[in-house]
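Novice: What follows is each chain in one-letter form.
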Amino acid sequence: MTAFLTLIIVLFVAVAIWQMVKIFDLAQVGSTDNGQVATDKDNTINAYLMMGFLAFIYLITILSFWYLGDLPLVSNAASEHGSEIDNLMIISMVVIFLVQTLTQFLLHYFAFKYKGEKGRQALFYADNNTLEAIWTFIPVIVLAGLIIYGLFTWTSIMNVDESDDPMVIELYAQQFNWKARYSGEDNVLGLANVRLIDIDKANILGLDESDANAQDDVITTELHLPVGRPILFKMRSQDVLHSAYMPHFRAQMNCVPGMITQFGFTPTVTTEEMRQRPEIVEKVANINQIRKENSAAILEKGQDPFYQFDYLLLCNKICGRSHYNMQMKIIVETQEEYDAWIKEQKLFKDSLVKE
Amino acid sequence: MSAHADINAHDDHGHHHKETFVTKYIFSQDHKMIAKQYLITGTIMGVIGVLMSMMMRMQIAWPEEPNVLFEALLGKWAPGGVMDADIYLALVTIHGTIMVFFVLTAGLSGTFSNLLIPLQIGARDMASGFLNMISYWLFFTSSIIMVISLFVEAGPAAAGWTIYPPLSALPMAQGGSGLGMTLWLVSMAIFIASSLLGSLNYIVTVINLRTKGMSMTRLPLTIWAFFVTAIIGVVSFPVLLSAALLLIMDRSFGTSFFLSDIFIQGEVLHYHGGSPVLFEHLFWFLGHPEVYIVILPAMGLVSEIIATNARKPIFGYRAMIMSILAIAFLSTIVWGHHMFISGMNPFLGSVFTFTTLLIAIPSAVKAFNWITTIWKGNVQMNPAMLFSIGFVSTFITGGLTGIILGDSALDINVHDTYFVIAHFHLVMGISALYGMFAGIYHWFPKMWGRMLNKNMGYLHFWVTAICAYGVFFPMHFIGMAGLPRRYYTNTNFPLFDDLHNANVVISVFALVGGVFQLVYLYNFFSSMFIGKKAVQNPWRSNTLEWTTPVKHIHGNWPGAIPHVHRWSYDYSKPGHDDDFVPQNVPLKEGEEELQH
Numbered sequence: 001m002t003a004f005l006t007l008i009i010v011l012f013v014a015v016a017i018w019q020m021v022k023i024f025d026l027a028q029v030g031s032t033d034n035g036q037v038a039t040d041k042d043n044t045i046n047a048y049l050m051m052g053f054l055a056f057i058y059l060i061t062i063l064s065f066w067y068l069g070d071l072p073l074v075s076n077a078a079s080e081h082g083s084e085i086d087n088l089m090i091i092s093m094v095v096i097f098l099v100q101t102l103t104q105f106l107l108h109y110f111a112f113k114y115k116g117e118k119g120r121q122a123l124f125y126a127d128n129n130t131l132e133a134i135w136t137f138i139p140v141i142v143l144a145g146l147i148i149y150g151l152f153t154w155t156s157i158m159n160v161d162e163s164d165d166p167m168v169i170e171l172y173a174q175q176f177n178w179k180a181r182y183s184g185e186d187n188v189l190g191l192a193n194v195r196l197i198d199i200d201k202a203n204i205l206g207l208d209e210s211d212a213n214a215q216d217d218v219i220t221t222e223l224h225l226p227v228g229r230p231i232l233f234k235m236r237s238q239d240v241l242h243s244a245y246m247p248h249f250r251a252q253m254n255c256v257p258g259m260i261t262q263f264g265f266t267p268t269v270t271t272e273e274m275r276q277r278p279e280i281v282e283k284v285a286n287i288n289q290i291r292k293e294n295s296a297a298i299l300e301k302g303q304d305p306f307y308q309f310d311y312l313l314l315c316n317k318i319c320g321r322s323h324y325n326m327q328m329k330i331i332v333e334t335q336e337e338y339d340a341w342i343k344e345q346k347l348f349k350d351s352l353v354k355e
Numbered sequence: 001m002s003a004h005a006d007i008n009a010h011d012d013h014g015h016h017h018k019e020t021f022v023t024k025y026i027f028s029q030d031h032k033m034i035a036k037q038y039l040i041t042g043t044i045m046g047v048i049g050v051l052m053s054m055m056m057r058m059q060i061a062w063p064e065e066p067n068v069l070f071e072a073l074l075g076k077w078a079p080g081g082v083m084d085a086d087i088y089l090a091l092v093t094i095h096g097t098i099m100v101f102f103v104l105t106a107g108l109s110g111t112f113s114n115l116l117i118p119l120q121i122g123a124r125d126m127a128s129g130f131l132n133m134i135s136y137w138l139f140f141t142s143s144i145i146m147v148i149s150l151f152v153e154a155g156p157a158a159a160g161w162t163i164y165p166p167l168s169a170l171p172m173a174q175g176g177s178g179l180g181m182t183l184w185l186v187s188m189a190i191f192i193a194s195s196l197l198g199s200l201n202y203i204v205t206v207i208n209l210r211t212k213g214m215s216m217t218r219l220p221l222t223i224w225a226f227f228v229t230a231i232i233g234v235v236s237f238p239v240l241l242s243a244a245l246l247l248i249m250d251r252s253f254g255t256s257f258f259l260s261d262i263f264i265q266g267e268v269l270h271y272h273g274g275s276p277v278l279f280e281h282l283f284w285f286l287g288h289p290e291v292y293i294v295i296l297p298a299m300g301l302v303s304e305i306i307a308t309n310a311r312k313p314i315f316g317y318r319a320m321i322m323s324i325l326a327i328a329f330l331s332t333i334v335w336g337h338h339m340f341i342s343g344m345n346p347f348l349g350s351v352f353t354f355t356t357l358l359i360a361i362p363s364a365v366k367a368f369n370w371i372t373t374i375w376k377g378n379v380q381m382n383p384a385m386l387f388s389i390g391f392v393s394t395f396i397t398g399g400l401t402g403i404i405l406g407d408s409a410l411d412i413n414v415h416d417t418y419f420v421i422a423h424f425h426l427v428m429g430i431s432a433l434y435g436m437f438a439g440i441y442h443w444f445p446k447m448w449g450r451m452l453n454k455n456m457g458y459l460h461f462w463v464t465a466i467c468a469y470g471v472f473f474p475m476h477f478i479g480m481a482g483l484p485r486r487y488y489t490n491t492n493f494p495l496f497d498d499l500h501n502a503n504v505v506i507s508v509f510a511l512v513g514g515v516f517q518l519v520y521l522y523n524f525f526s527s528m529f530i531g532k533k534a535v536q537n538p539w540r541s542n543t544l545e546w547t548t549p550v551k552h553i554h555g556n557w558p559g560a561i562p563h564v565h566r567w568s569y570d571y572s573k574p575g576h577d578d579d580f581v582p583q584n585v586p587l588k589e590g591e592e593e594l595q596h
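Here the protein sequences come in this chain order: A and B. Residues 1 to 355 in our numbering are what the first sequence spells out, letter by letter. Residues 1 to 596 in our numbering are what the second sequence spells out, letter by letter.
So that you can see chain A by itself, here it is in the shape it has in the complex:
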């Protein structure tokens, strides 16, 4: 309904302004207007509007930073490599911000300052190799810096150091949910292929039942990670492309049917610690305020109106009808808490339905 009302209002505004244009047109009847080409008056009005528009660009930048600029993804990283990405992001944004502010100013200010006037002569100025060289080499230098910094960061993130003895976990995607498979005591995932899936025996991820490494694997629907321990995720998908997106850890990798992809990181902040962080406390309070106002609608959907911060794994590659609701909770906890939790889970060999 709100949408409809908005549309009606928009329509009325459009009609009103339409009429204003008509009046403006009628007022010009009899003038020596040469068939819809800009006059000096048009030049002046639009030149001032150019400056107004420049102000609008700056204003919307400031407002966006003011209301949306807590930028949860350039601060409060919960993984070891996260702060590297955040630093690079901040440097890139500063560069972009400076260039944007300056070039938009030049563009709109020149359009304003050199607005057309009858009798004025433009400067015949066609070329200047020095200027061209300047604005070729300045971007070259700035970009060289960004490229080198970026490539070092990328390489250090993507190269998994096996000597760190990372804990191997499989993320398994299917329309429309996630499963995690822990590799157990041996830290080796058992062989698996979707052709081995046997729903009747509850072998839902297609593990090779004869593989010794598979016996102690553990399949869960929540992702628990011990803090400070390097993790190596192996991703699989059984049907279409999915993407395992863990924004708080600055981690993302596609899950591709027919191949195993990987991404490694070390979580550094437990869920409990993150909930205590002042920025998160403020954000959660704000969200709960909003949810309180809409509590009726939220209850109707069967959701809990009270929100508590949790890390999330989201699907970030279009995968079909319920793509928008394909998520899994991630819990980062201390080694002891993790050990206690994993001990309660069923091993693969015990989870199979015996015939």
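The set of hints was computed from the structure by calculation and includes no laboratory data. The structure displayed is predicted, hence computed values, not measured ones. Please note that the accuracy of each hint is not assured.
Unchecked claim - The list that follows gives simulated cross-link-like pairs (lysine-lysine, DSSO-like), each with its CA atoms no further than 27 Å apart:
no., chain 1, residue 1, chain 2, residue 2
1, B, Lys376, A, Lys118
2, A, Lys41, B, Lys76
3, B, Lys76, A, Lys301
4, A, Lys301, A, Lys283
5, A, Lys349, A, Lys234
6, B, Lys76, A, Lys118
7, A, Lys201, A, Lys343
8, A, Lys41, B, Lys376
9, B, Lys376, B, Lys573
10, B, Lys532, A, Lys41
Said to hold, decoys possible - Computed, partial: chain A to chain B, Cβ under 8 Å:
no., residue
11, Ile17
12, Phe53
13, Leu88
14, Pro139
15, Thr153
16, Asn193
17, Ile199
18, Tyr245
19, Asn254
20, Val256
21, Ser322
Glycine included, every Cβ here is placed at the ideal spot set by N, Cα and C.
Here the structure of chain A is known, so what remains is to put chain B in place on it, guided by the hints.
Specialist: Just chain B now, kept in the frame of chain A:
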């Protein structure tokens, strides 16, 4: 260098043969009529594409609320006026397909390459009028098939405009991957055939049919842009065609090019040994050059319009040509930046980061050259000029964030979020649309012999400019907060609840901006019939198209084809009475042609 005038020397061509309604308006071989056909078809497709985006924005801002508009337009896909999740993905898909291919490739390049190449190089028509006609009618056919696919029982294609398999290959994965996807593929295959015929024609025409004196270094930048665009199209579109054919094979004939090891809806499929990543490579081998196929013609139009309206030569003509060539070359070796996290080797990611960020250099050169062209000009604020300045503005804003997305390390975290949507809509969506609007306001008198109403043009520009920033600027921030794109609703993530107000604001800007395009549509269609009659050279421009009579004639010039004596940017040249010197005016005694 270009002594090809003889080819066009049959000066009385076209004066005698009779035209029927059908040969003049429908199966026309005249490039000016074909340009108009492209423009009107593109406009109609554009209306459909924009309406779809408005419906998506309403759904995002007011999710799961009954909406009369949905009920009216979506029918069974919006029971009780509540949008269905499947149709949302279909809207995402078809909006992208229509805007990128049907509006900004065919509508933009098809219109202006056809209109301007013969007129600005001094040719009587395209090299092959017949192929040109076939090209348009193939485009028309593909448009019709795409529109028909919207009415398929199981829904139109809904796998995103990138149609990644397996989602697009398996009807059991998604309703839209059945007949809807088949029609999408057929439509695109025909579209590619149309695009190739058009591109080949443009290339041949520019190489062979330039008038006497029109050397490559006297060509207006518009022609350079169309020429290079056509070359990119010929190089990259066939790769998409092959990808589409292989996908058709996988879908209908049981091959396994892109599919392997799939278990869906309780059964294992037979596919073995293929890889979806292969499809991604093939798709983006066209998909990335495609954004330059969209933006280069807009750059060409804008260069021409800025020079004309600033009454100054374009600054750094040779640097502009070099940067077009550099962009064209680089555009074919950067496709992997869409695939940093696709599972391909991270080393490849490093290579593609390097080549991608290099594109910023020629882009920066172009932006600074446009700004310098305006500097110390005598800027005539015609609507076309406003849209051109708007183009430079959004191109800068959108282009700069490419530095973040092209950097593989940063892409990890903003990939497929609203940050990407903001980036590419500004840099190639809005910018290319502005280029197209600029071209339409500027060359409308050449197409219809009448002027567009300038006040409606001003209103159209300013509201559109404000709404475009209002929609896409805050989107960067929503993306940086981690909100994924292509979500039907965000209500399942309390984490994103605090972004909802921003989404409402964005939607309001989008709706206002969308509705205001009515001002333009009214201006466009009414001015064809009741607009002020145009004079021969309303913008006091140098290029050859303004030496043709206002009334269209077959063969363009009633007498001999004009010869060219100078480049097209002699604006405000000292020693001349007027502030423009058309290209067909001989050099005065002692006048030097600028060593540009």
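Novice: Now tell me if each hint is right for this structure.
Specialist: Status of the hints after comparison with the structure:
1. B:Lys376 with A:Lys118: With a Cα-Cα distance of about 14 Å, the restraint between Lys376 (chain B) and Lys118 (chain A) holds, given a limit of 27 Å.
2. A:Lys41 with B:Lys76: Roughly 53 Å between the alpha carbons, so the hint for Lys41 (chain A) and Lys76 (chain B) is violated.
3. B:Lys76 with A:Lys301: Given that 27 Å is the threshold and the Cα spacing comes to 23 Å, the pair holds.
4. A:Lys301 with A:Lys283: holds, 23 Å
5. A:Lys349 with A:Lys234: Since the Cα atoms of Lys349 (chain A) and Lys234 (chain A) sit roughly 21 Å apart, the hinted pair holds (cutoff 27 Å).
6. B:Lys76 with A:Lys118: Distance of about 60 Å is beyond 27 Å: violated.
7. A:Lys201 with A:Lys343: Given pair Lys201 (chain A), Lys343 (chain A) holds - Cα atoms ~23 Å apart, limit 27 Å.
8. A:Lys41 with B:Lys376: Cα-Cα ~19 Å, so holds.
9. B:Lys376 with B:Lys573: holds, 14 Å
10. B:Lys532 with A:Lys41: Holds, at roughly 19 Å.
11. Ile17: Because about 6 Å separates Ile17 (chain A) from the closest Cβ in chain B, which is inside the 8 Å limit, the hint holds.
12. Phe53: At 6 Å from the nearest chain B Cβ, Phe53 (chain A) passes the 8 Å test, so the hint holds.
13. Leu88: Status holds, d = 6 Å.
14. Pro139: holds, 4 Å
15. Thr153: Holds: closest Cβ of chain B sits about 4 Å from Thr153 (chain A), inside 8 Å.
16. Asn193: holds, 6 Å
17. Ile199: holds, 7 Å
18. Tyr245: holds, 7 Å
19. Asn254: holds, 5 Å
20. Val256: Constraint on Val256 (chain A) satisfied, holds at 5 Å.
21. Ser322: Ser322 (chain A) check passes; min Cβ-Cβ to chain B is 7 Å, inside 8 Å.
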